[in-house]
Amino acid sequence: MRRIFLIAYCLMSWALATQAQRPREQSRLVLPETNPYTTAADLEAGRKLYVGRCGHCHGKNGEGGRGVILNTGRLRHGDSDREIFLVIRNGIPNTEMPGTFSSPDAEVWRMVAYVKQLGRQGAAEPATGHPAAGALVYQKNGCASCHTIDGKGGLLGPDLSDIGDKRAIRHIRESIVEPNADIPLDYRTVEVISITGKSSSGIHLNEDEYSIHLRDMKGDLRSFMKSELREIKLPRESLMPDYKSLSKDELENLVGYLSSLRQKK
Amino acid sequence: MLTLLSTTTGQSPSSSGLPVTYERLLKATEEPGNWLTYSGDYRSHHYSSLKEITADNVHRLRAEWIYQMHRPKVETTPIVVDGVMYITRPPSDVIALDAETGRALWTFEYRLASSVYVCCGQVNRGLAILGSTLFLTTLDAKLLALDARTGRMLWKKELADPGLNYTATGAPLVIKDKVIAGIAGAEGGIRGFLDAYDAKTGERVWRFWTVPAPGEPGSETWGGDSWKYGGSSTWITGSYDPELNLVYWGTGNPGPDYNGDVRPGDNLYSCSLLALDADTGKLKWYFQFTPHDTHDWDATQVPVLLDSTFNGRPRKLVVVPSRNGFHYVLDRVTGEFLLAKQYVQQTWAKEIDKKGRPVLNPNQDPTYEGNDSVWPGVDGGNNWMSPSYNPNTKLLYFNAREERRRYFKTDAPEFRPGESYFGGGGGGGARFRPEESWGRLIAMTPETGEIKWEHRILAPPWAGALSTAGNLVFSATPSGNFYALDARTGKELWHFNGGDRVFASPITFLSRGKQLVTIPIGDILIAFGLD
Chain W
1 MRRIFLIAYC LMSWALATQA QRPREQSRLV LPETNPYTTA ADLEAGRKLY VGRCGHCHGK
61 NGEGGRGVIL NTGRLRHGDS DREIFLVIRN GIPNTEMPGT FSSPDAEVWR MVAYVKQLGR
121 QGAAEPATGH PAAGALVYQK NGCASCHTID GKGGLLGPDL SDIGDKRAIR HIRESIVEPN
181 ADIPLDYRTV EVISITGKSS SGIHLNEDEY SIHLRDMKGD LRSFMKSELR EIKLPRESLM
241 PDYKSLSKDE LENLVGYLSS LRQKK
Chain F
1 MLTLLSTTTG QSPSSSGLPV TYERLLKATE EPGNWLTYSG DYRSHHYSSL KEITADNVHR
61 LRAEWIYQMH RPKVETTPIV VDGVMYITRP PSDVIALDAE TGRALWTFEY RLASSVYVCC
121 GQVNRGLAIL GSTLFLTTLD AKLLALDART GRMLWKKELA DPGLNYTATG APLVIKDKVI
181 AGIAGAEGGI RGFLDAYDAK TGERVWRFWT VPAPGEPGSE TWGGDSWKYG GSSTWITGSY
241 DPELNLVYWG TGNPGPDYNG DVRPGDNLYS CSLLALDADT GKLKWYFQFT PHDTHDWDAT
301 QVPVLLDSTF NGRPRKLVVV PSRNGFHYVL DRVTGEFLLA KQYVQQTWAK EIDKKGRPVL
361 NPNQDPTYEG NDSVWPGVDG GNNWMSPSYN PNTKLLYFNA REERRRYFKT DAPEFRPGES
421 YFGGGGGGGA RFRPEESWGR LIAMTPETGE IKWEHRILAP PWAGALSTAG NLVFSATPSG
481 NFYALDARTG KELWHFNGGD RVFASPITFL SRGKQLVTIP IGDILIAFGL D
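Protein chains in written order, with our numbering: chain W, 1 to 265; chain F, 1 to 531.
Check before you lean on any hint, since a few could be wrong.
[Said to hold, decoys possible] Counterexamples of contact, computed for chain F against chain W with all Cβ distances above 10 Å:
hint	residue
1	K27
2	G131
3	V205
4	L244
5	P291
6	I352
7	K354
8	K409
9	H495
10	N497
[Said to hold, decoys possible] Subject to a maximum C-alpha distance of 27 Å in a straight line, what follows is the list of computed DSS-like cross-link-like pairs (lysine-lysine):
hint	chain 1	residue 1	chain 2	residue 2
11	W	K226	F	K157
12	F	K157	F	K176
13	F	K228	W	K48
14	F	K491	W	K226
15	F	K491	W	K233
16	F	K228	F	K27
17	F	K51	F	K176
Note that these hints are calculated values from the structure, not bench results.
All C-beta atoms, glycine included, are put in the ideal place defined by N, C-alpha and C.
Extracted from the complex, chain W is given alone in its bound form:
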């Protein structure tokens, strides 16, 4: 049995939308290095903005969830006022984090102020497991058959090289024991069954009204015409099995190991 280990790492969006798709505004040409909106009133306004726009992915207190942790002060795309502003304004390419293209600068700056405050809180829960022991659990359970760390491993699951920067302890633990709780959109499972009854499963890559494309269990890219399929199943289940069978120590050590994986400077 293939051991598959998927950990949610998507950043969830708060996309603004009204009549249609939002345009990508030009980044402001003249942008202060430091936040001009840092009064107590600005922070309170920033908190309200954050809760509505960001909280459902990043957690109301920045504890993380489907979005990255914001309460440790470690921000992967820079922690200066200006850098945080640009991330909130423009989003992050190749992630689900969109920009706030139509928001006034003042609103973005107030969110910057609140995000900075969140970063001073510290992680809600420290890791207690031993990373070295956790690395053995990772190896023993064949996690690398699907996941990559520092360029080594399989392609079916998310790259875990810096998962410790992205996800809270709670979220990492949940992803191990309940992988169906939150499946990243880029890692949705699909099964197609041909008219002759042949089944193919994998990760859903793309689809339109006439064709569907997936990465199969071997990591190969596959395309199917819907007219040649009998059925398409999109189960709300991750390809990753749950690891409830791990002992408490094994689980916490594995969590400790994963949370120690950080972006290389």
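Given the coordinates of chain W, work out where chain F should sit on it, guided by the hints.
Chain F alone, transformed into the frame defined by chain W:
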């Protein structure tokens, strides 16, 4: 060049190229080889009696030509006059194309004012024509008149100050000797209006403010000074009944979009259909679909005029599948509410009462934390894309958008030039779960709201529909597939992968006697004909 094209297109004797008189506009359906107004005719049927391309031979459709614009989000609906196609290109350019080859005859490039606030892309949806003059609105809130033979500008008038977040994206509508032009910018805190201009001089003839000032009828529906930034824009082309001399035009959301606390009341005439005297701009009647909207459900859908029967009695009707998720039937003489029927999933209204007013469900407004229980989404059950009414099948075809979205509000914004005036947002969360958002092309009996058949597509669409006497319905998907269905049954007959999203409506016309169908896909305009 134009003379050559006009004499070689092999079209009916009544079509002699320019000028396009008002009389020709009145009888636009008698020139099926041309497409003379935004919606094809004053009733906005977006239908063609051409039938060279039929349900039997549509599988032979092949690309004839492509015109590349290299601009994002092309939303134009062309005007076609005897072999010449006039289109707009983002942000506010105009191009005359040889409709047979797709080659440009002339190009008018317009330079915008340096600072323009837009909420939703640098788009333009098309033109109007009268005589030998083309009319368009620009993103910096101007109304332009161009010589259709050369592209030279004849006059330019300011609709409103773009520095105060006014913008314009819709195609004007010519009625008699006037050009009716709408405004956009309700996401920026404008006060909306609809204008009429003298086609020859560009002088403004009338203006109807869609947000009444204090003391005017309807002003009691706005609390405090909220009317000053009340939105209610007019960014989609309306319809016209020459017998009643009434122009029908939809209005947009009130501002701020998502925080209604600062504008207590129904907020007239936002999210409404207006019936205005075409000569004076005076209000004959209005119908508000969504009083005190907090979900950005503009009523800027194209109103479709039908002479039909309702409950066995002949009636002059106007029908609107509204963005709020209900299809409405009104008497277009009086504005009397006749029927509302839900056509997409919706959670906000228990029902529409006998007077046409929604009975609200609790807990459906945006919240500071975000309310993700609301259907339809912020882009609505329907939007601005053109519906099509086919007199043969007697069905109304339009794209419906099924999605749940997350609505949140923020503190009420202050109006600032160059900045948005949302007071919140609507997006994220469930929208991105594919199984919770999809599209349907609906074939509906418009007088009853009964759905005869539907064609499901993967994602909520932004394309309009075109139906033809060839028993066909054309439309397109967000994944870039342009397709044709049997108008009677919904059976899919043909498709073409254009490879980019579609934010536009198809049209059809004759080129040298051959029927072509065209639609913008991504940043191209592509024309198809039988091989």
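Is the hinted pair K491 of chain F and K226 of chain W satisfied, with a Cα-Cα distance of at most 27 Å? Holds, because 16 Å separates the two Cα atoms, which is no more than 27 Å.
Verify that the Cβ of K27 of chain F lies farther than 10 Å from every Cβ atom of chain W, and report whether the claim holds or is violated. Check passes; 33 Å lies beyond 10 Å.
Verify that the Cβ of P291 of chain F lies farther than 10 Å from every Cβ atom of chain W, and report whether the claim holds or is violated. At about 19 Å from chain W, P291 of chain F clears the 10 Å cut-off, so the statement holds.
Over 10 Å from every CB of chain W: does I352 of chain F meet that, or does the non-interface label fail? holds (23 Å)
Please work out if K157 of chain F and K176 of chain F have their alpha carbons no farther apart than 27 Å. holds (19 Å)
Taking 10 Å as the cut and beta carbons as the points, is L244 of chain F off the interface with chain W? L244 of chain F is indeed farther than 10 Å from all Cβ atoms of chain W, at 29 Å.
Checking one constraint from the list: CA of K491 of chain F to CA of K233 of chain W, max 27 Å. Satisfied? holds (24 Å)
Test the statement that N497 of chain F is away from the interface with chain W: the closest C-beta pair must be farther apart than 10 Å. Violated: least Cβ distance 7 Å, not greater than 10 Å.
Please verify that the nearest CB of chain W lies beyond 10 Å from K409 of chain F's CB. violated (7 Å)
Holds or violated: K228 of chain F with K27 of chain F, Cα cutoff 27 Å? violated (41 Å)
Are all C-beta atoms of chain W more than 10 Å from that of H495 of chain F? Since the minimum Cβ distance to chain W is about 7 Å, H495 of chain F lies within 10 Å and the statement is violated.
Checking the smallest CB distance to chain W, is G131 of chain F really beyond 10 Å? Non-interface label on G131 of chain F holds, nearest chain W Cβ at 33 Å vs cutoff 10 Å.
In summary, the structure is inconsistent with hints 8, 9, 10, 11, 16, 17 from the numbered list given earlier, while agreeing with the others.
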